[in-house]
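Participant: For reference, the chains in residue letters:
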Amino acid sequence: MRKLLEIALGILTAIGGFVDIGDLVASTETGARFGLGLAWVLVVGVLGIMIYAEMAGRVASTSGRAVFDLVRERLGAGVGLLNLAASFFITLLTLAAEIGGVALSLQLATSVNYLLFVPIVGFLVWLVCWRVRFEVMDNAVGLLGLALIVVAVAVWRAHPDWGAMWHSATHPAVPATESHLAYWYFAIALLGSAMTPYEVLFFSSGAVEQRWTRSDLLVNRLNVYIGFPLGGLLALALMVVAALVLEPRGIDPSHLSQAALPTSLVLGKLGLALALVGFFACTSGAALETALSCGYSLAQYFGWPWGKLLKPAQAPRFQLVVLASITLGAGLVLTTLDPIQLTEYAIVLSAAALPLTYLPLLIVANDPAYLGDKVNSRLSNAIASVYLVVLVVASVATIPLMILSKAGGS
Amino acid sequence: MSGAPLHPRARQGRLAVGLGLVVLVAAAGCTGLVRSDPVYVSKAATTAAAAASAVETAQLAVQEAAAGKLSGPSLAQTLAEAASDAGAIQATFDAIQPPDRRAEVLRGQLDRLLTPAASVLADLRISARWGDTAALPRLAAPLPKLAEELQRFQEAHQ
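The listed protein sequences derive, respectively, from chains A and B.
Take 470 as the starting number for the first sequence in the working numbering and just add one per residue.
Take 115 as the starting number for the second sequence in the working numbering and just add one per residue.
Keep in mind that the hints are not guaranteed to be accurate.
[What the hints assert, rightly or not] FRET-style restraints, in silico, Cβ to Cβ:
(1) A:L778 with B:A180: 30 to 40 angstroms
(2) B:R215 with A:D807: 52 to 62 angstroms
(3) B:V219 with A:I868: 31 to 41 angstroms
(4) B:R215 with A:V643: 15 to 25 angstroms
(5) B:W244 with A:P781: 42 to 52 angstroms
(6) A:T804 with B:W244: 40 to 50 angstroms
(7) B:A249 with A:G878: 28 to 38 angstroms
(8) B:A249 with A:L789: 51 to 61 angstroms
(9) A:T804 with B:R243: 42 to 52 angstroms
[Unchecked claim] Partial list, computed: chain A residues near chain B (C-beta under 8 angstroms):
(10) A477
(11) A642
(12) L741
(13) T804
(14) T805
(15) D807
Quick caveat, the hints were computed from the structure, so don't treat them as lab data.
Bear in mind the structure is a predicted one, so any value in this text is a computation, not a measurement.
Think of the CB as a built atom: it goes at the ideal place given N, C-alpha and C, for glycine as much as any other residue.
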């Protein structure tokens with residue numbers, strides 16, 4: 470019974486914790502500009518993160534060590550450093566975007582300028598990272614994030630033409646008002662938002678924090694194979710509701726407030742309140758995850774003691790990196806850099822860095838010295854390799870597309 | 115990464131590539147110089163579309179507020195952002211030097227739509243901040259026509 474409860478809780482938190490500021494921005498923007506013409510990318514992205522997250526969870530459960538730790542040992546300090554540099558920079562940028570997202574959610578609820586909230590949010594993120602137990606933190610924000618289900622309810626209550634929506638999603642086309650360059654630029658942004666490097670890093674480190682062993686492989690699989698696709702459905706709901714309400718009006722969203730308008734139009738103030746709770750929960754959950762991920766990645770690379778299982782005094786450098794990352798992230802938002810634009814750049818640059826995160830993971834997951842009989846199957850290697858090719862193509866195309874499409878503006 | 119010390123030329127080369135990338139990324143979001151009429155026309159069409167988006171956002175927010183579906187803080191925030199966007203969109207477009215007389219005429223045409231749009235959105239923002247939601251539908255009355263004209267302008271010059 471206890472195992473069942475643990476599995477159910479894991480799945481629920483995986484659903485509630487799936488969406489972050491990148492998904493909020495990318496799904497709403499693509500829905501408003503391309504309708505459901507990019508829904509296929511979301512499906513590709515969710516499948517990709519499922520494959521690699523399962524791998525990361527399996528590596529951690531079987532070896533008792535997190536991915537970065539093994540990457541450095543297996544591939545050497547040089548490759549490990551490349552892996553670290555790519556994911557640390559993107560994760561730090563994402564942390565800044567998430568802190569901005571939390572502040573923007575609070576601004577929408579109170580009408581008080583978001584910059585006033587940034588230091589408070591930064592302090593609270595640090596306090597939770599410092600004091601609150603891992604399970605409590607993970608479960609609380611994950612469960613609160615379930616408030617975003619209200620967006621799926623809004624889709625259902627909007628009584629859309631399901632047949633037309635299915636046709637639009639399965640026959641993707643570039644709208645007459647958009648260029649092919651912008652279409653592919655946003656396709657890559659959407660892929661980057663679904664497969665952000667910190668998700669795998671946090672998932673594997675979290676497995677070590679929760680002391681997963683081989684007996685938890687089923688929990689790992691159920692979390693990933695049930696929780697992630699259902700979480701992905703929330704991102705899809707954001708895209709659909711934007712396609713239903715914003716696209717026909719020609720609204721190109723550039724603020725979080727515009728992402729909330731479709732839900733309030735359909736469900737009124739209660740819907741709006743729940744959407745804002747959902748925005749707040751998913752951005753604050755992701756802010757905690759990215760802050761810890763900054764600490765995890767550096768500490769695991771340099772071999773420092775790390776994690777929330779240890780008292781702060783036992784892992785001082787890990788805690789210091791977490792604190793410094795939060796300070797840097799909050800500082801970046803306080804420069805008045807638009808958090809939504811910051812998010813757009815974070816997810817696009819994340820797409821450019823994806824192979825550097827996922828290739829080492831694939832190599833480690835095939836090493837019997839760490840995983841014994843739990844190495845990747847042929848099928849999982851085949852799928853992961855196809856994904857790697859896709860990620861390399863996306864990575865190479867990112868910067869040229871960014872320039873040619875004027876960051877999706879043309 | 116071999117860990118071996120890099121030759122100074124190789125180091126300079128890497129630095130140049132890095133700096134080049136940073137400049138390219140920064141340039142991706144910038145407004146470029148306009149030297150030809152077609153580019154100016156295209157920028158005018160993009161500007162009209164962006165302004166129409168701000169106008170439609172405000173219209174939707176007012177419609178929701180009138181139906182009691184949007185809370186005061188969210189309404190005030192949405193309208194403030196729409197007004198700020200409209201002002202910024204106009205300022206950015208007006209900062210571009212028209213390359214010839216024809217472009218100057220086009221600029222005048224678009225400004226005749228952008229100025230009232232920015233003005234109406236500013237009025238809506240002020241009213242919402244004062245909590246005078248009853249006045250919003252009256253103030254927003256010109257928005258549907260403005261949105262339509264901006265849309266038409268964009269389609270004509272796309």
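Participant: Taking the hints in turn, state whether each one holds.
Facilitator: Hint by hint, here is what the structure shows:
1. Roughly 54 angstroms separates the CB atoms of A:L778 and B:A180, a value that falls outside the hinted 30 to 40 angstroms.
2. At about 36 angstroms, the beta-carbon gap between B:R215 and A:D807 misses the expected band of 52 to 62 angstroms.
3. With their beta carbons about 38 angstroms apart, B:V219 and A:I868 fall inside the hinted range of 31 to 41 angstroms.
4. Against the hinted window of 15 to 25 angstroms, the Cβ-Cβ separation of B:R215 and A:V643 comes to about 35 angstroms, which falls outside the hint.
5. Between B:W244 and A:P781 the CB atoms are about 48 angstroms apart, so this pair conforms to the stated range of 42 to 52 angstroms.
6. Between A:T804 and B:W244 the beta carbon distance is about 31 angstroms. The supplied range of 40 to 50 angstroms is therefore violated.
7. For the pair B:A249 and A:G878, the supplied restraint of 28 to 38 angstroms holds, since their beta-carbon distance comes to about 35 angstroms.
8. Our hint of 51 to 61 angstroms for B:A249 and A:L789 holds, since their Cβ atoms are close to 54 angstroms apart.
9. Against the hinted window of 42 to 52 angstroms, the Cβ-Cβ separation of A:T804 and B:R243 comes to about 26 angstroms, which falls outside the hint.
10. Contact between A:A477 and chain B, as hinted, is not supported at the beta carbon level, the nearest pair being about 33 angstroms apart and thus beyond 8 angstroms.
11. A least Cβ separation of about 17 angstroms between A:A642 and chain B goes past the 8 angstroms threshold, and the interface hint is therefore violated.
12. Checking A:L741 against chain B by beta carbon gives a least distance of about 6 angstroms; that is within 8 angstroms, so the hint holds.
13. Given hint, A:T804 at the interface with chain B, is violated; its Cβ is 15 angstroms from that chain's nearest Cβ, farther than 8 angstroms.
14. About 13 angstroms separates the beta-carbon of A:T805 from the nearest beta-carbon of chain B, more than 8 angstroms, and the hint is not met.
15. At about 11 angstroms, the closest approach between the beta carbon of A:D807 and any beta carbon in chain B exceeds 8 angstroms, and the interface hint on this residue is violated.
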